[in-house]
Amino acid sequence: MGNCCERAGNFFGPQNNTYIRVSLPAVCFVWQIAMVILFGVFIRYDEESDEKGWHEFKKSHNITSNIENDFYFRYPSFQDVHVMIFVGFGFLMTFLKRYSFGGVGFNFLIAAFGLQWALLMQGWFHSLDPVTGKITIGIESLINADFCCAGSLIAYGALLGKVSPVQLMIVTLFGVTLFAVEEYIILDLLHCRDAGGSMVIHTFGGYYGLAISWVLYRPNLNLSKRLNGSVYHSDLFAMIGSLFLWMFWPSFNSAITNHGAGQHRTVINTYLSLAACVLTTFAISSMGQKKGKLDMVHIQNASLAAGVAMGTSAEFMITPYGSIIVGFCCGIISTFGYLYVTPFLEKRLKLQDTCGIHNLHAVPGMLGGFVGAVVAAAATEEVYGKEGLVETFGLSGKFENRSMSTQGAYQAAGTCVAIAFGLVGGVCVGFILRFPLWGDPADDFCFDDEAYWELPEDEETIPPVLEYNNHMINKHQDTHESQFSLEES
Amino acid sequence: MGNCCERAGNFFGPQNNTYIRVSLPAVCFVWQIAMVILFGVFIRYDEESDEKGWHEFKKSHNITSNIENDFYFRYPSFQDVHVMIFVGFGFLMTFLKRYSFGGVGFNFLIAAFGLQWALLMQGWFHSLDPVTGKITIGIESLINADFCCAGSLIAYGALLGKVSPVQLMIVTLFGVTLFAVEEYIILDLLHCRDAGGSMVIHTFGGYYGLAISWVLYRPNLNLSKRLNGSVYHSDLFAMIGSLFLWMFWPSFNSAITNHGAGQHRTVINTYLSLAACVLTTFAISSMGQKKGKLDMVHIQNASLAAGVAMGTSAEFMITPYGSIIVGFCCGIISTFGYLYVTPFLEKRLKLQDTCGIHNLHAVPGMLGGFVGAVVAAAATEEVYGKEGLVETFGLSGKFENRSMSTQGAYQAAGTCVAIAFGLVGGVCVGFILRFPLWGDPADDFCFDDEAYWELPEDEETIPPVLEYNNHMINKHQDTHESQFSLEES
Amino acid sequence: MGNCCERAGNFFGPQNNTYIRVSLPAVCFVWQIAMVILFGVFIRYDEESDEKGWHEFKKSHNITSNIENDFYFRYPSFQDVHVMIFVGFGFLMTFLKRYSFGGVGFNFLIAAFGLQWALLMQGWFHSLDPVTGKITIGIESLINADFCCAGSLIAYGALLGKVSPVQLMIVTLFGVTLFAVEEYIILDLLHCRDAGGSMVIHTFGGYYGLAISWVLYRPNLNLSKRLNGSVYHSDLFAMIGSLFLWMFWPSFNSAITNHGAGQHRTVINTYLSLAACVLTTFAISSMGQKKGKLDMVHIQNASLAAGVAMGTSAEFMITPYGSIIVGFCCGIISTFGYLYVTPFLEKRLKLQDTCGIHNLHAVPGMLGGFVGAVVAAAATEEVYGKEGLVETFGLSGKFENRSMSTQGAYQAAGTCVAIAFGLVGGVCVGFILRFPLWGDPADDFCFDDEAYWELPEDEETIPPVLEYNNHMINKHQDTHESQFSLEES
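Chains as they are written, first to last, in numbering that gives the first Met the number 0: chain E, 0 to 488; chain V, 0 to 488; chain H, 0 to 488.
Hint data in this document are derived by calculation from the structure and do not stem from the laboratory.
Where hints are given, some of them may not hold.
Covered stretches of chain H, going by a simulated chain V footprint (3 or more residues, C-beta under 8 Å) [what the hints assert, rightly or not]: (1) 60–70; (2) 132–139; (3) 171–179; (4) 207–216; (5) 440–454.
Sample of chain E residues lacking proximity to chain H, with all beta carbon distances greater than 12 Å (derived) [to be verified]: (6) Tyr74; (7) Trp213; (8) Phe398.
Pairs of lysine to any residue, SDA-like flavour, derived with a Cα cap of 25 Å [claimed, not checked]: (9) V:Lys224 to H:Glu453; (10) H:Lys289 to E:Glu381; (11) V:Lys51 to E:Gly396; (12) H:Lys224 to H:Phe343; (13) V:Lys58 to E:Val382.
Note that CB positions come from ideal geometry on N, CA and C, so glycine has one too.
Here chain E stands alone, though its shape is the one from the complex (with noise of 0.2 Å):
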């Protein structure tokens, strides 16, 4: 049986135009190499994580605990986005029954890809010190880092299975420029609040792989349909990364909030939210199959929506009760989306969405960032006292004067500038990979490893080593059986 473990799929065409051996090392090397040389000329250390700055911190502003750094405040929470970007999202791709080596592997290459150049995008835009011309990085970059990745991760997910990863690499590269753009005009420019990232993170990445995906459209896909969903252990690896993004979605929200009660409310919110958002998941789930049975791909998915949707106002006072009832609408409207919503892109918008972003990121991103611009218009004096209102919404400045019903309403336009980013950006990078050098598989060879991976011998073949000698004795005598195995291997 070993010998049928060479896919047949390998003796025809496909396999030429997955050949990657030049494109994905040059990429890879070209890129690194203008890393060193782009963080040698403009990343240094911040004051909290020099040693001399540090310790000139400390006197200068009077500090006498070392736990005083903002290295304690934001930790733990960085972890947890780290756990989040690299097992969170890279297993929740491997739900394919042949593709969980490209979702987790191809996850982990642009992850590591992207937080390189994230670090140096965002500096430009954030944190460039006009006198030294240095970007000074901490605790806090490295969690905007990781953020800045979510983006093109989210758009791996409408193109899994169907880009090759020196792809990838581009996607990559021009989703974190194209979010460091928009992230600087929402937060910047517009001065919105956007801490957990509804608008900057899911708004721009689920539309910008949407319009992508949408310019890569195959119409000969279903010649792959074989591979295209999962098997019981890859269903359970998928959960693995649906389950820590769960988890971890209170410290995604509330990573980059401010010290004190911003992180904490932060935290119960989107605790909550995400609570409510399983129940309607399910009840969902149950009543859209004839049998009332749950499927899989609802709880891995639409159980996440209520964490996308609290990303802008779980930093608000937006009350315990007002978090579950976010979280109450999600689940159903997410599920909705995988139930009726994805099938119909597919079919009638030619929009093929392999991990149905749309209705994981794109529609709750962006009722995410509607509903931070209505609890931010809402904000009063009363429930946030003078000084909280300030601290919450960075109304200081040349923003002091800013009522909070303007501050709605830039909120909201900041949602349509991630959607407009998402889509322009998306459409424009499509047509990039579109041409015929990048080395992506054909349509019968899609969500297949097997393109780009060298691929362990199948399940079936470990004998037990009595069987073992017997069928390597009989391969050689019994026609029939060998032929038999080979078809049903």
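Following the hints, put chains V and H in place on chain E, whose structure we already have.
This is chains V and H only, laid out in the frame that chain E set:
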């Protein structure tokens, strides 16, 4: 082969009573809407998570730094506990070969409901403000809510594979309610200390589950015997759950202990006890088999018993070697339980305990309660210091004059209360679950995800391109083969 | 089919010598009882975890807040390190198709023993109070104990599948002992800095394992060749371990560095280095195969090499781009190692290294030691500040006048000490393991969980009800089929 993944069982009776398309969504919606209303009426942010409140709190308590917010003392432990509840308990219950979806999925559902209900129930009993009529919540409330769920998740361990999700929602509704009451009696009225919940969580949860299972005894469960076991990969998934429980148990026990030395010492004690437990578990597991081979069931479960048993005493000055002795004994007792007691219970007491919670939670929990009583009774001012003794055992206010031996006696009494609540509550809930309308599976349809989940096609049906096509051609020609593949798939 | 899961191998010789029903329990019990006694004699809580001690410490140090307890500086990192030891190392070793139980299970056993023994050994060498004769432990001791285990777990990587659990307990007993001695020489006598253990953990552990494996060379290991490889799902399990190691390595390297900027900077450096390493690993992995396909072995292992190599220098002011350069080189070196050096070592040096620890730990660790030496030698007061230089390199007391170039020389010497201890210690332990009474498997029975574990039935034997019954009927009628199923299972 694709055509035989629709299991034969579907064409007979069993699936009729597993029809949950009405009942599950109904329960989810009704209870979640109730949550929205009750949260709206009762739940508010506490002074450390409320924007205005925290600014006032800092002023009134003369706090200068945000790092003094309880959030920073508790958040890392909270996230670890959260992982234990959803990945730990969830994946530990994936060990059955065809009930992994149900194990991790229903755990997800009931924990998500349970924690909302727990915030309300625990709030009413512990932190209802008599003036405003509101419950204020903060990070410690979230930890307690997770703890409260754990009781019901433990009970699920005894019922795994034999009940419907609707029944589990009922188990959780009553489980959380009973938990809040017994917790109030044990911690508030008897004024016991039980930070890691040997009594209130594990003893209660264990006996609660056992009592329910006893009432729901299925005489013909051996009709499902073929599915009541693990396969190689399902044991590995279960090992993920087991290890996350084992690793994070120090966080579980220390999550709500006193700031400073209290949390610090609890971690050390739990860590040591768990390490010792592993060695004796391996030893007894090997001794218990004729050929000296190890059993994965013991490794996955019995190695955790020390965490359970240290739930009460880990915050006391039990000494490092005291912790190791507790771990040493627990590994032996729990593994013996799996080897001899569980089969005995099933045969003689008609008690079907799928996960063996008797050995992992009920007995070690009870043991932990009594160990805690002894250690409390032995506490002296010499060891704890005057301040320390008062702080560790909360001996202020009306408990100021309680002697340590009295405290020990109350601790022992608390354990008995937990057992009583578990047994009586479990029997009552068991009878409620016997109503024939909850959609539980027939005796020959237990331990089977087919009952409640849309399952993906079988693993073997991933054909390579060429063989797939051949197969499609042959399918219509060769009757021998298609018949054969039906039988073997 | 169920009848052939009792492996054929059992009916022949091999299983005789894997009989561990006496030796494993004996070793576990004797050593665990020894731990109880030694902990009783020596181990006490330190002043930050002792109830009375902490109250006195706060008074004497004029500390007002519990947040100053070292616990809050170290605990999040500790839990991450704990995850790396048990899930990281454990699951990384599940990659073999039929040795996953052994990989994760024996890792669990020896780490649980090793950490207890490490608390004693490290305590005797580093923190034995000469007056009271006691060792006091706190959270930093637990981290160090986990670190100390890591040395032996690395060695296990070279031996995976070829030794018995009893042998592994011996490897750990001596491994931890040797570790404590070399650590004392390197950190205390030579006064090197090695917070993340490039030298003391990885270099030592790597060469220790390689030397043992070299002594235990099995000329006929190719008899077990059919099991010395992965299957699709076992590679995914290994990826869980790999990713948790990768994500938490910043915590590993920063866990015991200086409070404040020290921990902060270590995290940044490790994070960047690991990201760069991923890109070069993918590049070389693709270049190393004729068709440009990626190899999961490289992705799982070589991408971690940067974490190993940053163990010494991450806490220094190596600069962000310095970190990226180290990561860049490590990805290349380590992947080359997997492609060419491991096969060479096996063929020419008779060194069988199952997990390739030569490329993941030994060489990157050594490299990290020398990088650390260079960075230390280049340290200046201008960059670190006067205070910072003293603090970072601990240049107080009798080391007050040591110049930075001298420090660099000592760092380099420390690396050589680690290599020497690993090689000499490993050879000695290897000869001890060659006594024929430890229950190791025969050459044709390696990499097989069958030797030490009760295995569940095979996956294919999950028949649906109908087919199950048909199968049972056919089994007795149709000889053709039953013969066939025997051969193919």
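Each hint tested on the structure:
1. For the stretch 60–70 of chain H, the stated coverage by chain V holds: 6 residues have a C-beta nearer than 8 Å to a C-beta of that chain, and at least 3 were required.
2. For the stretch 132–139 of chain H, the stated coverage by chain V is satisfied: 3 residues place a CB nearer than 8 Å to a CB of that chain, which reaches the threshold of 3.
3. Three residues within the 8 Å Cβ limit are the bar, and the stretch 171–179 of chain H against chain V gives 0, so the coverage statement is violated.
4. Interface restraint, the stretch 207–216 of chain H with chain V: violated (0 residues with C-beta to C-beta distance below 8 Å; minimum three).
5. Counting residues of the stretch 440–454 of chain H whose beta carbon lies closer than 8 Å to any beta carbon of chain V gives 4, which reaches the threshold of three, so the coverage claim holds.
6. Listed as outside the interface, E:Tyr74 is inconsistent with that label: its C-beta sits roughly 6 Å from the nearest C-beta of chain H, within the 12 Å cut-off.
7. Residue-level check passed: E:Trp213 sits 28 Å from the nearest beta carbon of chain H, beyond 12 Å.
8. With a cut of 12 Å on Cβ distances, E:Phe398 stays outside the contact zone with chain H, its closest approach being about 30 Å.
9. For the hint pairing V:Lys224 with H:Glu453, the CA-to-CA distance comes to about 18 Å; that is within 25 Å, so the pair holds.
10. A distance of roughly 69 Å separates the Cα atoms of H:Lys289 and E:Glu381; the hinted pair therefore is violated under the 25 Å criterion.
11. The suggested pairing of V:Lys51 with E:Gly396 holds, with an alpha-carbon distance near 21 Å, which does not exceed 25 Å.
12. Between H:Lys224 and H:Phe343 the alpha-carbon distance is near 17 Å, which keeps this suggested pair within the 25 Å criterion.
13. As the CA atoms of V:Lys58 and E:Val382 are separated by approximately 17 Å, the hinted pair is consistent with the 25 Å bound.
The structure fails to meet hints 3, 4, 6, 10 from the earlier list, while all remaining hints are met.
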